[in-house]
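K.L.:
The residues making up each chain are set out below.
There are 2 protein chains.
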Amino acid sequence: MLISVPATSANLGPGFDTLGVALDLRNVVRIKRSRFFSISIKGEGANNFKLKGNNLFISIFNEHYRKLTGKTDRFRFTFYNKIPLSRGLGSSSAVIVSAIAAAYAMAGVAISKEKILNLALTYEPHPDNITPAVMGGFTVSTVEDGKVYSLKKEMPSHLKAVVAVPNRPISTAHSRTRLPKRYPMADIVYNLSRSSLLTAAIFSERWDMLKIASKDRLHQDIRMKAMPELFELQKLALESGALMSTLSGSGSTFFSMSEEHHAQKLAEILKRRFNAFDVRVLDFDNKGLLIEE
Amino acid sequence: MLISVPATSANLGPGFDTLGVALDLRNVVRIKRSRFFSISIKGEGANNFKLKGNNLFISIFNEHYRKLTGKTDRFRFTFYNKIPLSRGLGSSSAVIVSAIAAAYAMAGVAISKEKILNLALTYEPHPDNITPAVMGGFTVSTVEDGKVYSLKKEMPSHLKAVVAVPNRPISTAHSRTRLPKRYPMADIVYNLSRSSLLTAAIFSERWDMLKIASKDRLHQDIRMKAMPELFELQKLALESGALMSTLSGSGSTFFSMSEEHHAQKLAEILKRRFNAFDVRVLDFDNKGLLIEE
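If you read the protein sequences in the order shown, they are chains Z and F. Residues in the first sequence are numbered consecutively from 13, following the working numbering. Residues in the second sequence are numbered consecutively from 13, following the working numbering.
Keep in mind that a hint or two might mislead.
Because identical chains share one entry, a pair is satisfied inside a single copy or across any pair of copies.
Derived DSSO-like pairs: lysine-lysine, alpha-carbon spacing no greater than 30 Å straight-line [said to hold, decoys possible]:
no., residue 1, residue 2
1, K193, K165
2, K247, K159
3, K223, K127
4, K127, K247
Hint data in this document are derived by calculation from the structure and do not stem from the laboratory.
So here's chain Z without its partners, still in its complex pose (with noise of 0.2 Å):
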């Protein structure tokens, strides 16, 4: 059984808690019936020992299979881990829906992408990167009693992600405490309009209006402040073609968005002014979480 789960990019400036954008970019994770339990992870996390050992992906796996067949069954797990680790890129996201799916895949029990979405929502309460890791595209989400409501649109293959991962990462924990309690209207009003025009800028794939619905005044810039050179990735990106540029999650990714011929070249640009990160180009991915024998 092969289990894979994309990248994800959430927030998308305005959107807090709300809007995300599946990457081309997947963890999987192969399953196997064995004699013994065992585990190996390749690719990102490969080296960390310490999440070898106390493994979200296994706690959130027995739970369910337990649940669902009253057994403690063993298992090979092998990891393909593609998606940088605490970048803002979705990485525990995609372990957390790959884990339910895994589940209910071993078990033998059907379940909806819906289902799967409204149990990770229990582990992760915000669904701005668990709705695109499973349904794939850009997804705009809200919870309601404990529930995600949410609609998808396909992303264009004439569009393309540049990412730009630094070397160390901004802890959500942190960046999320940092935030004000409070907001004045002027400042809600201006994401709340925002975050709107952008779902419509692409619902109706109105790519010209990206730079300007893409702005945001809640939290980026409280959060780049502890990576001051992120401002100037932004600056340099929106100077340089990007058609929207925004902090990835939480951080310390940067995520822009480009025409397809003028991806490379914008990748290569933010690459010769911010040598220690790691930019890449990517699809946008539109199928979400995946599940193959």
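Fit chain F to the known structure of chain Z by using the hints.
P.N.:
This is chain F only, laid out in the frame that chain Z set:
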């Protein structure tokens, strides 16, 4: 020359100062060159002599006409007003938009709808009524450096608006000052996510999503306290098949959306319970401002 502008319903629940929709209920003004200045008002406001004496339309019209022509010519203005005054249906936005459009038309100077919208913003600082008034349809707007950026989705003819107009107003100014100065992030995300999801739902015609996506935590309840029967009206509308039911602008009108086949029934249910309200079934308008020779 005939200028006409539709009624509008703004906010639509979570989309504070951002979302709006145009309704097929038009204020029309007929303008003719004349030896004497004259003004007559038919329909809404016909008996309001204070309004006639200090007419917002005339002052905006004169300001622009003088600027465009250097002259103060004389006209005969006849207003055929259908939009109820001070009930949250965009009557003042209609006046502003039609006055600007009329000045340019009578001066013989071509002007785009985008430019009319940006001029209207100098009289009405929130774009949520003036955008659908000019453009028609469902609109999402934001303001950046004194300019409106907006996107529009045409409303399908199988949907109708059911508006319930109380026999008294809630003052906008009064209502706006009652709102809290600052809001916590939980309430912000509540509205930001729903305004974005409501936008996605309308752009992708997922009408089943409107009920969840149209909920608000920033302004409606506070404003509705000035007219408590509106809580009961909203509940009744949603229980009686409305796809969504929201305070229109800052009130006092309540706006509900319904499938065509159910709209008359919904209106009757509301009318029976709230017999002092003027309950009407309206088409949506997709044309916005119209200028006819």
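K.L.:
All hints are to be evaluated individually against the structure, with a verdict given for each.
P.N.:
Against the structure, the hints come out as follows:
In this homomeric assembly, K193 and K165 never come within 30 Å of each other (Cα to Cα): the closest approach is 32 Å inside a single copy and 35 Å across copies. In this assembly of identical chains, K247 and K159 lie within 30 Å of each other by CA distance solely across copies; the values are 22 Å between and 37 Å within a copy. Taking the shortest alpha-carbon separations for K223 and K127, only the inter-copy value of 20 Å comes in at or below 30 Å, while the best intra-copy value is 34 Å. For the identical chains of this complex, K127 and K247 are inter-copy neighbours only, at 29 Å across copies versus 40 Å inside a copy, given an alpha-carbon limit of 30 Å.
Violated hint for the displayed structure: number 1, the only one.
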